[in-house]
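Q: Single-letter residue listing:
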Amino acid sequence: MNHFGFCKFLRVPLTFPLSLLTSHLSPYNPHVIRFTNVYKAYPNGAMALKDVTFHVSKGEFVFLTGHSGAGKSTIMKLLFAEQQPSGGEVRVSGYNVSSLRPDDVPRLRRRLGVIFQDFRLLEDRTAEENVAFALEVTGARTDTIAARVMRVLTQVGLSARSRAYPRELSGGEQQRVAIARALINDPAILLADEPTGNLDERATRGVFQLLRDINNGGTVVVMATHDLDLVRQTVYRTIEMRDGSLVYDSDVDEAAAVQST
Amino acid sequence: MKLLTREALLSFRRAPLLSVLSVTTIAFSLFTVGLFGLVAINLREALKGLEERVEIVAYIFRGTPSETIAIATQDIAAFPEVRDVSYVSEEEALRRARAELVEFRDAYRDLQVNPLPASIEVHLKEGYGDAATVGRVAERLKGFGFIDDVRFGREWIQKLDQLRNLTAVVGLVIGLAFAAVAVVIIGVTIRLTILQRAREISIMRLVGATNWFIRGPFLLEGALKGLLGGLLSLVLCYAGYLLFRDNSGGTLSGLIFFGAQHMILIIVFGILLGLGGSMVSVGRHLRHV
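The listed protein sequences derive, respectively, from chains A and B.
Following this note's numbering, the numbering of the first sequence begins with 1 at its first residue and continues without gaps.
Following this note's numbering, the numbering of the second sequence begins with 1 at its first residue and continues without gaps.
If you are wondering where the hints come from, they were derived from the structure by calculation, not from laboratory data.
Don't take each hint at face value.
Said to hold, decoys possible - Restraint-style ranges between C-beta atoms, simulated for each label pair: (1) B:Leu9 with A:Ser68: 40 to 46 Å; (2) B:Val184 with A:Arg151: 46 to 52 Å; (3) A:Gly45 with B:Leu10: 39 to 45 Å; (4) B:Leu9 with A:Ala140: 19 to 25 Å; (5) B:Arg14 with A:Arg34: 37 to 43 Å; (6) B:Thr5 with A:Arg205: 42 to 48 Å; (7) A:Ser68 with B:Arg14: 41 to 47 Å; (8) A:Gly139 with B:Val173: 43 to 49 Å; (9) B:Leu10 with A:Ser68: 49 to 55 Å; (10) B:Val184 with A:Thr36: 46 to 52 Å.
Just so you know, even glycine gets a beta-carbon here, dropped at the ideal spot from N, CA and C.
Sequences and hints are given; from them, build the entire structure.
A: Here you go:
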C-alpha cells in the first residue's frame, strides 16, 4: 500500500461547510468581513488605504496580494483592530472596528486567529506552552487546556514536538505552532500575514496545505502574500492591492466579465 | 490566580538581574527613609524624656485652709492634660530645701519661722508638654484664688517646642524627597522590565488578553519586589542600628529600633512603591502600544 496515498486519503476535505452550523451572525448578513469605503491615513499624511471596499462571506479563502507597501498589512491590522480606519467602516465578525470600545478589542481577537511571517512565538516557552498561553489569557478552565492544546497540535501535525522550544524547531514547524495557537480558540476567521514569507518551498507547501485544510473545516482564511505561484495554483478568490487602492477582486471582476459576455 | 502568580514569579527567573536591581533600589530608598525614621523616633524618644520633666509649680498663699487645697487638688487632677498632682506642704518644702541646698543648710536650720510657701506640683500627661498647653494649664491654675504665683520653665519649654518642630519638618521633607526618588527609580526599573517584555505583551494582546490580564502579573511582580525591598531595607536598618549602638561607646546605648507598627508601615510602603511604580509603567505602555 502506498504510504503517501494513505496520507492523501486522510486529507480529504470536509465538504460540508461547518460554519453554517456554528454561525453566530444574523442570517440577513452573511458577510463575516465588511470593508466599506475604507480610508487609512497615517500621521505623516501618507494614505495607506484609499476607498477600499470588499466583503468576505462565511467559508471563503481569500488571497490578498500586491507589492510591499500596497496596503496588505494595513488591511490585516484593521481586521484585528490593531489600528482603526480613518474613514469608512470595517466590520469583523459582528464588531465594528471603527467604533470599538477598548473592552471589545480582546473579545474580537478571541474570535480571530492571526499568524505572521515572523511567527511571533515566545522563545522561552515550549510549543505546548505557547499554544496554551493563548487559551490561558482567555481565562479558560485549567483542566481542559492540556487536552485542547494536544488536539490542535495534532491537527497541525506537531504532536510529537510539543515539548520543543521554538529555537529547536524549523521555520515550517514554528509557523505550525503559531497556527495551532491561532486555532486554539476556534476562531471564525484566520488572518495570515505573509505566513510563508520566511519558509522554503517545501515548508511553504505544507503550511499552505494546512491553511486550506483549516478553510475546509469552515474557517474563513484571509492570507496576504506576494507569492504569486501559490495564488495561481488554486482557484481561490484574489484581491489585489496597489498603492493603497483595491485594483482587482476576482469575485467582482470575474462576475462582471461573465455578465459582459 | 495560579496563572497570575506563575507569570509573576516567572519574570523573576527570566530577568534575574533586573529583578535584583529593582529590589535593591527599593531596599536602598526605603533604607534611607528608614534611617531618617530611626533618627526621628530616637529624637522623639529623647524629647519625651525631657518632656516628662516638665513641671508646673503653683505656690499657695499662706494660711489657705487645707480642705480648700484638697478640693482644688482634686479639681486639678481632673484636668485632661494633667498626669498627677502633688501637694508640697511648708514643712516638706523646708525639708527639701535643707536636703538639696547644702550651702544654705545652716541658714535654714536657724530659722524661727518657715519662709517657704506650700505649693502644688503638677505633672502633665505625655504629649502635652508643648509651650502652649503648659501655658494654658498655668493660666488656669492662676485662676484659683489661693494661688499666689505659678512657675514653669517657659523658655526651655519653648526651645523644646522648636526642636521638636524642626526635627518633624526636616524628617518629613527628607523622607518625602527620598520616597519621591524611590518612586521614580522604581518606575524606571519596572519600565525596563516591561520594555524587555514588550514582545510578550504584544503577543498577549494579539491573542486577546484583556489589559487587566496583562497588568496583573506586572502589578503582582511590582508588589512582590516592594515587599522584598521593604524586608531588605529593614535588615539594612537593623544592621545600621546595631552598628551605631555598639560602636558609640555606650553614649547611644539607649537607642531604640522600630516597633512592629513601624516595621509593618515600612513594608506596606515598600509594597505600595512597587505597585505604584509598575502601575504607572504598565499603564503608560498599554496606552502607547
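Q: Run every hint past the structure and note whether it holds.
A: So, going through the hints one by one against the coordinates:
| no. | hint | in the structure |
| --- | --- | --- |
| 1 | B:Leu9 with A:Ser68: 40 to 46 Å | holds (42 Å) |
| 2 | B:Val184 with A:Arg151: 46 to 52 Å | holds (48 Å) |
| 3 | A:Gly45 with B:Leu10: 39 to 45 Å | holds (43 Å) |
| 4 | B:Leu9 with A:Ala140: 19 to 25 Å | holds (21 Å) |
| 5 | B:Arg14 with A:Arg34: 37 to 43 Å | holds (42 Å) |
| 6 | B:Thr5 with A:Arg205: 42 to 48 Å | holds (43 Å) |
| 7 | A:Ser68 with B:Arg14: 41 to 47 Å | violated (34 Å) |
| 8 | A:Gly139 with B:Val173: 43 to 49 Å | holds (47 Å) |
| 9 | B:Leu10 with A:Ser68: 49 to 55 Å | violated (37 Å) |
| 10 | B:Val184 with A:Thr36: 46 to 52 Å | holds (48 Å) |
In the structure shown, a violation is registered for the earlier hints numbered 7 and 9, in ascending order.
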